[in-house]
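*Asks:* Start from chain Z and add chains L, B and S according to the hints.
There are 4 protein chains.
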Amino acid sequence: MNILAISGSVRKDSFNTALLRTMQPLAPPEMQIEIADISGLPLYNQDSEGTFPAVAQALKDKVEAADGIIIATPEYNRSVPGVLKNAIDWASRPWGKNSFAGKPVLIMGVSVGKLGTAVAQSHLKQIMVYLDASVIGQPELYFGPAHELFDEAGNLTDVSTKELLTKALGVLASRTA
Amino acid sequence: MNILAISGSVRKDSFNTALLRTMQPLAPPEMQIEIADISGLPLYNQDSEGTFPAVAQALKDKVEAADGIIIATPEYNRSVPGVLKNAIDWASRPWGKNSFAGKPVLIMGVSVGKLGTAVAQSHLKQIMVYLDASVIGQPELYFGPAHELFDEAGNLTDVSTKELLTKALGVLASRTA
Amino acid sequence: MNILAISGSVRKDSFNTALLRTMQPLAPPEMQIEIADISGLPLYNQDSEGTFPAVAQALKDKVEAADGIIIATPEYNRSVPGVLKNAIDWASRPWGKNSFAGKPVLIMGVSVGKLGTAVAQSHLKQIMVYLDASVIGQPELYFGPAHELFDEAGNLTDVSTKELLTKALGVLASRTA
Amino acid sequence: MNILAISGSVRKDSFNTALLRTMQPLAPPEMQIEIADISGLPLYNQDSEGTFPAVAQALKDKVEAADGIIIATPEYNRSVPGVLKNAIDWASRPWGKNSFAGKPVLIMGVSVGKLGTAVAQSHLKQIMVYLDASVIGQPELYFGPAHELFDEAGNLTDVSTKELLTKALGVLASRTA
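Keeping their order, the protein sequence lines are chains Z, L, B and S.
In terms of my numbering, the first sequence opens at residue 188 and continues consecutively.
In terms of my numbering, the second sequence opens at residue 188 and continues consecutively.
In terms of my numbering, the third sequence opens at residue 188 and continues consecutively.
In terms of my numbering, the fourth sequence opens at residue 188 and continues consecutively.
Since no wrong hints were added, every one of them can be taken at face value.
Ranges between beta-carbon positions, derived for each pair:
1) L:Val358 <-> B:Glu350: 37 to 43 Å
2) Z:Gly227 <-> L:Lys199: 21 to 27 Å
3) B:Asp248 <-> Z:Glu217: 35 to 41 Å
4) S:Asp234 <-> Z:Gly300: 41 to 47 Å
Hints are computed from structural coordinates only; laboratory data are not their basis.
From the three backbone atoms N, C-alpha and C, an ideal C-beta is built for every residue, glycine too.
Pulled out of the complex, with its shape left as it was, chain Z reads as follows (with noise of 0.2 Å):
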């Protein structure tokens, strides 16, 4: 079961990204968790759609080889940040060749206020309903203050947040089966 992570800031330190390593070894023995890199990709332009950019090529080639997606997004301006979504769409294109078809995609986020990123988090579940997706509505994963779940080092220290990560893996993983 070979599952792509995709979180939704490309910065450093990214609260986000943390969340993903975290669930890598949470996740059951059968689950593999890789962690794509969405920093490279330009922007997108319909008129490079002849020659995917190579960098594009592969996130869509990981997409397409995944048996289920993860995606830890920011809430930005109270929606996905831009580069996410370019990221999405990359992904769905080609037109026709939409790589998101049919998988299981468990959506979360977390911010540093209390909402846990819940309005972009709407806005990411309507977009991939749209992209065919089996989107996972329960367990919802709102994660937030994030000074309250890691600590000064970056690493998720809250043990029900593990928790409730751990139940979201399992509902991940029977989608999958």
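*Replies:* This is chains L, B and S only, laid out in the frame that chain Z set:
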């Protein structure tokens, strides 16, 4: 009256960019519409905020200086294109220095299908309300299918679309005054 | 295969109700489609949860018993009608006894304009993802303008619409099996 | 300055209704806040538009007469309660006689959880933009968990919440003037 117009598409023959060019001569005499170029922006990264990249700062300065904003957005995967959201994310930062606050914003879009980017615009309007802009609700501007409105050279030729754009520019002018 | 269909409009000559009636004979032989009546529901009030009103309990029982759900929604003010949301609120309660969980849900709508209730459907899909339903993302079913699809007696006569409905029923059947 | 306040919950001990009652004495001297009662409205039915039911007409008249609107909304299934949407649907009709147009609208909500009805408010803000209201984007008003803000008698006791409400009323007053 200095209006900044942003197209959510960076492809060369974008219908949305063409829509903005069509509006320039339709504007009332006191209004100047400048079309921003967002194709050269890097992906937003909070780590770069200390020293804003020059192209991001240039966009932010234009938003800051404008009396009003027009955004013509395509719809990618039933939401705003990543490339457009990325531009908005840059201009909204750093925290506490959101450059859209208080400005009237006119939102529109054209699509090859009949929906006219209505769902993407619903996300964009939410984002702009969060950014404390004065979002113009009516008239709504959902244009499509594009091939019924533009000629083969990519010029908007539909008369009722031009009339609606002229009406919308009047609303923008009254909000900006 | 027992499908419950809900129309978001309670007016007598509703196009959305007509759409559901059109689907009944298009269903595959193993599928029965019953159309629910939501017009007699009281406004949801948490104070009444202890003793669910009989009409609300009857709706909840039908949702509970169904193998799958179809919802045809009008768009009121770019969202789901209050009357439809009220029915969903009843069937989702009391807390912990949400009757939509795990069920495949097919969402559609018809409007007098060209948008085909796309924005309302985007809200409805979010709601149904939260309710842990298995939301069918494709095909999307945005029908309009109604007068091009229905005859004067209110019967759906458009052939390609019927074909798309038949295709969608096939997807629903495969998800329900 | 005549403000109409609408609570999206009709239960007796609603936190959202309590929030509105708390605001009445916090309002600036020139502002009167009347709380509407939406519990007696029938379900909206377009067939009844010719002769608006008296309770619906009474609500519509109050919206029409108000200089500004406050809405305190619970979140039901990550959207606006059906009961609230039903009230908005009535006041927006008949077509062409939407009573919210041009009015400043302040949106808020309180929940038992930490999200403070943020996702429901995102839907409500979209709806109000469509209705051509002047939606106040900042400050955002997401209150919760309720038990940390209200005492056992249901009175809002949290000082910083009262300060934020007072600030928001000031913004509403400046938009209404």
